[in-house]
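**Student:** Make the full structure from the sequences, and use the hints.
As a plain string of letters, each chain reads:
There are 2 protein chains.
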Amino acid sequence: MTDPRYRQGEIRAPRGTQLNTKSWLTEAPLRMLMNNLDPDVAENPEALVVYGGIGRAARNWECYDQIVATLKNLEDDETLLVQSGKPVGVFKTHSNAPRVLIANSNLVPHWANWEHFNELDAKGLAMYGQMTAGSWIYIGSQGIVQGTYETFVEAGRQHYGGDLTGRWILTAGLGGMGGAQPLAATLAGACSLNIECQQSRIDFRLRTRYVDEQATDLDDALARIKRYTAEGKAISIALCGNAADILPELVKRGVRPDMVTDQTSAHDPLNGYLPQGMSWEEYKDAAQKDPAGTTKAAKQTMAVHVAAMLEFQKMGVPTFDYGNNIRQMALEEGVENAFDFPGFVPAYIRPLFCRGIGPFRWAALSGDPEDIYKTDAKVKELIPDDEHLHHWLDMARERIQFQGLPARICWVGLGQRAKLGLAFNEMVRSGELSAPVVIGRDHLDSGSVASPNRETEGMQDGSDAVSDWPLLNALLNTASGATWVSLHHGGGVGMGFSQHSGVVIVCDGTDAAAERIARVLHNDPATGVMRHADAGYDIAIDCAKEQGLHLPMITTPNK
Amino acid sequence: MTDPRYRQGEIRAPRGTQLNTKSWLTEAPLRMLMNNLDPDVAENPEALVVYGGIGRAARNWECYDQIVATLKNLEDDETLLVQSGKPVGVFKTHSNAPRVLIANSNLVPHWANWEHFNELDAKGLAMYGQMTAGSWIYIGSQGIVQGTYETFVEAGRQHYGGDLTGRWILTAGLGGMGGAQPLAATLAGACSLNIECQQSRIDFRLRTRYVDEQATDLDDALARIKRYTAEGKAISIALCGNAADILPELVKRGVRPDMVTDQTSAHDPLNGYLPQGMSWEEYKDAAQKDPAGTTKAAKQTMAVHVAAMLEFQKMGVPTFDYGNNIRQMALEEGVENAFDFPGFVPAYIRPLFCRGIGPFRWAALSGDPEDIYKTDAKVKELIPDDEHLHHWLDMARERIQFQGLPARICWVGLGQRAKLGLAFNEMVRSGELSAPVVIGRDHLDSGSVASPNRETEGMQDGSDAVSDWPLLNALLNTASGATWVSLHHGGGVGMGFSQHSGVVIVCDGTDAAAERIARVLHNDPATGVMRHADAGYDIAIDCAKEQGLHLPMITTPNK
Ligand SMILES: NC(=O)c1ccc[n+]([C@@H]2O[C@H](COP(=O)([O-])OP(=O)(O)OC[C@H]3O[C@@H](n4cnc5c(N)ncnc54)[C@H](O)[C@@H]3O)[C@@H](O)[C@H]2O)c1
Ligand SMILES: NC(=O)c1ccc[n+]([C@@H]2O[C@H](COP(=O)([O-])OP(=O)(O)OC[C@H]3O[C@@H](n4cnc5c(N)ncnc54)[C@H](O)[C@@H]3O)[C@@H](O)[C@H]2O)c1
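Chains as they are written, first to last, in UniProt numbering: chain Z, 1 to 559; chain P, 1 to 559.
Hints are computed from structural coordinates only; laboratory data are not their basis. Treat each hint with caution, since some may be false.
If several chains are the same, the list does not tell them apart, and a pair holds so long as it fits within one copy or across any two.
What the hints assert, rightly or not - Restricting the straight-line Cα-Cα distance to at most 20 Å, the calculated cross-link-like pairs of lysine-lysine (PhoX-like) are: (1) Lys72 / Lys92; (2) Lys419 / Lys92; (3) Lys226 / Lys252; (4) Lys545 / Lys92.
**Tutor:** What follows is the structure, encoded as structure tokens:
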């Protein structure tokens, strides 16, 4: 039997202005789905894997083909439903409705665990959508660079007076998201030591200039770190090995990094985290043959890994979880104080979320990098006095290689997003841009996720686990006229631990698009401000008032 | 401190054609919210409890007041968001978008249990929405009568050659939903013995003619049953007591009912199921003082109750779970074979779901019973050759007292629903009806729920726990222009065990409404046919083909 999830061959999104579908509203999801599987974008495109463990773009190749075929014929008053990567229905809606509605990996809570998911997955009844994999707005490691950069910069502000020169960050995982860490550290001015157990992943990051050099062994790595930090050079170093071997060794040697975190795929013990004493190939094999035993071995290794992180924290090194649920896994293996070090959101990111700021992004459907450079300039023009943002854009242009369709990410918030979206739409209308752009965001955003071990950890009112919010976000984006909307479960932190939603909207230069953009790019971040205001955060309440939001129990603007 | 959830006073929906809001699209949710709390409708309106344990219409009275105030000012291009019974935001959308979007009781799976819910609830951060309580389309016990009737009739067909004369049904629970059982049994031609531990609930059912008589004790009850079954009279008898005391006693005495089921609120051990050896008041008190101990006591009593049900099954009596999750609770208390008797959906209802048939309902916003009688006649006219349906309508008119706004329920499916909705809209336009009607349904419907111990128990492909389906249903109804849409967790079977969605649409007699009705009342049941076709049910696949659905992996109609 051939594996319905494996197919050789290369997929790349069409470029240019020639439509393959009936309009740009359907061309956009078509190109972005294909772009998610571009070999320059996806981690393992032939297995449909985009990033984040087994985060996929479609259930299997037959489903992929059928999604493509259906999009090619979809009318502008029809909506395609995608259920865990399978195209299940086409329904008549209307022109202001989304063209695609997606639900991936959702399970009734009592059954919402990897064990049940893997059972369904084996039967062909499930797909892990991660966040932007199954919702077709992954843009390669760039998507995460700015988030990681913002986190490192904020940590630098809190712990090192805003200057990371001569400092170094210890982390692991150079996958789709984790691969952004070395570059983000460099952009933030720090050296970094990045442990990764697969040489192929290191090669990918070296090739795309996300990491600068590879050390031959631990001694070599430490020597390089010593030299570069002394010279004040922000250079990133990869080291091939298992983090759970290397971290304890560093503790033993008394080495003291300036910051410690981790982005292995700990959220998925069966597919994403290498147990000690194995090669990656042996792990893949063991996962097939003995899923329960392999899961256990991976989680036990995570316990070792987290124990070492806790040691660093005890030394006074700023240590944080980077959103892969490794603390939970270690806790389940008996590391009772696993949650002693904080997650990155409460530690560094929440104040941004309170203003609706998060990983906003856009991609040029033309395929032309010039389109992105022009939007970069437009952002600077419209947000003239944000130095940090200008600095980011300059660095991004200089250092970040496009993967697949040219794209940009910018952490901007309520007010700014709609302004930029409308301006981009104008640029499409006027012909300044050579083709439409799509605007989207990560599911890790201000108003779109409930994830008590990550985005909603330690909410001030204790509402961490309330997931009404992402559901309302998805419903409202649908009601506002987004081009596609998605609702996922288990992204980032794995089955059982999160619910979240995604949104993408097309700027095709029409008036109708402008109206939809104004609504969606206001309402979407506004739900984030609302959620944080409801939890009692002053920054969010102030922002709601400034921006004239109508939150009945909190603030009613004068009409 | 006063309890923010308790307020004396009576709420009834306004009647007539005078608007209290800016249009019928907002008047409708206003009236239906109030109608849910009408003392003739709700089980405990002063505590905001509508039915089903602690199923509420609003988080607390302050939230209720604010929802009302907000609806009064809401524009026809605005959307109100309600989060677990609290009005949290008003956003600009468009005229074809829903006016209200609701998410109730949703929790991230790992935390989706009663313990965490009750903690949040105590802090004022949660509300249990049940199915139609928090989504404002509960219409009193009538809402469930037909479902219960259809179930008893189908059971009669399967086990007794279609004739229940001289037969009797043993059950318990005369609450908001369970109270429909005696009447449904009578309509189906059977006697019934209905055990209920609260005298006040029996009084309510006697007053509204849902139950015929009350027995003084068990001997009296059995004597009456004996007499009426011998005479072939379908009379319902209430008996005050604890089901877990009475069922084992019946087993001991060797009494043999013809059917056994149960509709106590077993889904909520802390608030809805009386432990043995206590009065209801003692139970309420104990729940406050010792939640964990009381929960345990209730679940242990359920184990006794289920053990007795299993005994009846062993005697060959058709025995089924009626959707309150009592088997799961008993299982958790050590009754290993609790799931030996089936749930009512796989046993009797699924073939209907495969054709998109489910508890469709409508209410006359005028308050005028004549409006409902006219729609009854219209249903007969448009569906002329369904004898069973005509019989149901006749009996309903004769035997079912309206509670609150006059309303009707009718199990109809794909094709019929849109036809009826468009006809009702025409009747509003022409003035035949004195005011608009709203059309909705239970969350227990063909395409709107994932609930592995109830609606999706034993799906043929094993996809019981996949909850992408209700999420897609809610997104599609939003995209189709329903008037309000809701997404709930834990209805029927309690926290952790279900996810489901609701939809209501207004027929205000306009062309715009007609377009929305055509879409919503087609798409909504069509998702049910789609879900069952995807699971491989032939009835559903045939129905999809007949009705020209476009299900890309299954059937593509000729365009
Ligand atoms: N913080 C964020 O904003 C954010 C965003 C998205 C994802 N995440 C989470 O970060 C994690 C990484 O995401 P990704 O897309 O890079 O995943 P990925 O699966 O593409 O990459 C994970 C990498 O970790 C490596 N690895 C696994 N076990 C290892 C070990 N013991 N030692 C060293 N290396 C090991 C793997 O070889 C792989 O290259 C995931 O858990 C993801 O959910 C975080
Ligand atoms: N089958 C369906 O279609 C369907 C639909 C909706 C709800 N339900 C489920 O049915 C159950 C009942 O719903 P409801 O709205 O009537 O709830 P409710 O809370 O209004 O009524 C439950 C009744 O059971 C009685 N009761 C509790 N413990 C008892 C005991 N040990 N012995 C005798 N009586 C006892 C209570 O006094 C109460 O009157 C719930 O679990 C609900 O989720 C089923």
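**Student:** As a check of your reading, is Lys545 near Lys92 (CA-CA no more than 20 Å) within one copy, between copies, both or neither?
**Tutor:** Cα proximity of Lys545 and Lys92: across copies only (16 Å, versus 39 Å in one copy).
**Student:** Within, between, both or neither: how does the pair Lys419, Lys92 come out at a Cα-Cα threshold of 20 Å?
**Tutor:** between (31 Å within a copy, 16 Å between copies)
**Student:** Treating 20 Å as the Cα threshold, decide for Lys226 and Lys252: within, between, both or neither.
**Tutor:** Answer is within: at 18 Å inside a copy they meet the 20 Å cutoff, but 83 Å across does not.
**Student:** Checking an output row: Lys72 and Lys92, CA cutoff 20 Å. Within, between, both or neither?
**Tutor:** For Lys72 and Lys92, only the intra-copy Cα distance (16 Å) is at most 20 Å; the inter-copy one is 32 Å.
Violated hints: none; the structure is consistent with every hint.
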